[in-house]
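Q: The chain contents come next:
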Amino acid sequence: MTETEVSQCQVLCRSCDLVVQKRALPSRVRALCPRCHTALYDTPYCSINGMLALCIAAILLFLPANTLSVIEIHFFGSIRNTTAMHAAIAVAQEGYWIVGLAVAISAVIAPLLLISSIFIQVCIAKLGLQNPFWRQIYTLLLKRQELLSQLTMLEIYVLSFLVSAFQLSDFSDVHMGMGTFCFTMLFIVMIFLQREYNLEHMWSLLDD
Amino acid sequence: MTKQVLSPIAVTDAKPLYTGISLGLCFCKVCRKVNYVSHSHCTRCHSTLATRNYASVQQSWALLITAFALLILANIYPITLITNRGVVTNDTIFSGTVHLVKTDMIPIAIIVFTASVLVPWLKIIGLAIYLTAISFNLPVSKKKLMVGFHVIEWIGRWSMLDLFVISITVALVNMGQLLDAKPAPAATAFALVILLTQLAAKVLDTRLLWDRMETEHDSK
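Chains as they are written, first to last, in this note's numbering: chain G, 1 to 208; chain S, 1 to 220.
No wet-lab data here; the hints were simulated from the structure.
None of the values given here were measured: they were computed from a predicted structure.
Any given hint could turn out to be false.
[What the hints assert, rightly or not] One side only, chain G facing chain S, incomplete, derived with CB under 7 Å:
(1) C16
(2) D17
(3) V20
(4) D42
(5) Y45
(6) I73
(7) G77
(8) R80
(9) M85
(10) H86
(11) A90
(12) V103
(13) I105
(14) S164
[Claimed, not checked] Pulled from the structure, derived: some chain G residues nowhere near chain S, Cβ distances all over 10 Å:
(15) S27
(16) L60
(17) V70
(18) F76
(19) I191
(20) W203
(21) L206
All C-beta atoms, glycine included, are put in the ideal place defined by N, C-alpha and C.
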């Protein structure tokens, strides 16, 4: 058997190293490892154009979501508002820069990098996979994809500003505006984008 | 590549089971392409190939023990410092949740309790059981361990909720002596606990579990 034949008809489970014969799956079905039940592969849907559309939507939403205030409180006539980045900086300024950095990375920086990375990948996949320079960039981005998507925690951020809204409503009026809406929409778009995205499929584009 | 004598590791339902290592195959950790062991680098993404990462158990133990020490600190020291009309109160992770229960915000209390108390402790205990099973060959069902491991991997990041809530509160509530919230030392410890436990789970090569207990407790 040649190298390509091996990788086309067999997969190794990433959790327990079992050799599993690959078969065609009906859509919306995942193959699980028979020994340890880890998800092995699913049917790659991964429409490049769909991802491009979601990417553009995410890029458009990102700016208002991070510049308009996510949450605003009125307390005895004084108004305080904050964005995700401003909140991270506020914690860092108190001397807790590790906490500030963690918040900034997982709520602002990683999502931004993830969106731009997918956007560039999609553009390269559509236009210039033949060019060796772009191929190199594409490989470089794919290698960092898993880390970036693990660092992106928009869903947790959305839940946490709901939790804070409840806590703060104890003693002040809580207002949510356009920023909250954009942030929530950004989170929803990102969910769909990450659902559509299939790392395995993106790698396989390099093969042919 | 010459053909080796193949010996299946187990036979279930009259079907032999092979592991990648017994067929001379290994997958690339970065792009998951199946390669021959004889290659030193992946043919697709040019990352270095390794069949098993034996050092990962030690690395994982080290990270986990550090995280455990920090988690104790995170629970003892206050995580927020609240000034309310001149009165300063320290809130630890636990007293913060108790305060939520007292103010009749039970659903919020459950969310906060899960994210900042339950998840970190379960994660550390779960990983400790998993690592002991690898290091000392414990007779625990491998399938159950693996399910637990996937749950830990997925749920671990939700601990960040507490830090997000603190950052939002600190940014919003700053009215001097009247009402003021500031982070306190446990916040840093808690952030490091999340980082270290996530790393401990990520660094661990789970294939080692399935290798070591191959001969004995394979019935479950």
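Q: Compare the structure with each hint and give your call.
A: The hints, checked one at a time:
1. The criterion of a C-beta within 7 Å of any C-beta in chain S is met by C16(G), whose closest approach is roughly 4 Å, and the hint holds.
2. Residue-level restraint check for D17(G) holds (minimum Cβ-Cβ distance to chain S is 4 Å; threshold 7 Å).
3. Hint on V20(G) is violated. Least Cβ distance to chain S is approximately 9 Å, over the 7 Å limit.
4. The beta carbon of D42(G) is not positioned within 7 Å of any beta carbon in chain S (closest approach about 13 Å), and the interface hint is therefore violated.
5. Below 7 Å, beta-carbon pairs count as interface contacts, and Y45(G) has none with chain S, the closest being about 18 Å; its hint is therefore violated.
6. A hinted interface residue such as I73(G) counts as satisfied when its beta carbon comes closer than 7 Å to some beta carbon of chain S; here the least separation is about 5 Å, so the hint holds.
7. Taken as an interface hint, G77(G) does not check out: its beta carbon lies about 11 Å from the nearest beta carbon of chain S, beyond 7 Å.
8. Hint on R80(G) holds. Least Cβ distance to chain S is approximately 5 Å, under the 7 Å limit.
9. Violation of the interface hint for M85(G) is found here, the shortest Cβ-Cβ separation to chain S being roughly 10 Å, above the 7 Å cut-off.
10. Annotation: H86(G) was flagged as interfacial toward chain S, and the flag holds, the nearest CB pair being 6 Å apart, inside 7 Å.
11. Interface hint status for A90(G): upheld, as the beta-carbon distance to the closest one in chain S is roughly 4 Å, under 7 Å.
12. Taking 7 Å as the C-beta contact cut-off toward chain S, the hint placing V103(G) at the interface holds, the least distance being around 5 Å.
13. The closest approach between the C-beta of I105(G) and any C-beta of chain S is roughly 10 Å, which is over the 7 Å cut-off, so the hint fails.
14. For S164(G), the shortest C-beta to C-beta distance to chain S is roughly 4 Å, which falls under 7 Å, so the interface hint holds.
15. Chain S leaves S27(G) outside its interface by the beta-carbon criterion, the shortest separation being 21 Å against a cut-off of 10 Å.
16. The beta carbon of L60(G) sits about 24 Å from the closest Cβ of chain S, which is more than 10 Å, so the claim that it is off the interface holds.
17. The beta carbon of V70(G) is not kept farther than 10 Å from every beta carbon of chain S, the shortest such distance being approximately 8 Å.
18. The non-interface label for F76(G) is inconsistent with chain S: the shortest C-beta to C-beta separation is roughly 8 Å, within 10 Å.
19. Under the 10 Å C-beta cut-off, the non-interface status given to I191(G) relative to chain S holds; the minimum distance is some 15 Å.
20. The Cβ of W203(G) does not lie farther than 10 Å from every Cβ of chain S; its closest approach is about 5 Å, which violates its non-interface assignment.
21. With a least CB separation of 6 Å from chain S, L206(G) falls inside the 10 Å interface cut-off, contrary to its annotation.
Hint check: violations occur at hints 3, 4, 5, 7, 9, 13, 17, 18, 20, 21; the rest are consistent with the structure.
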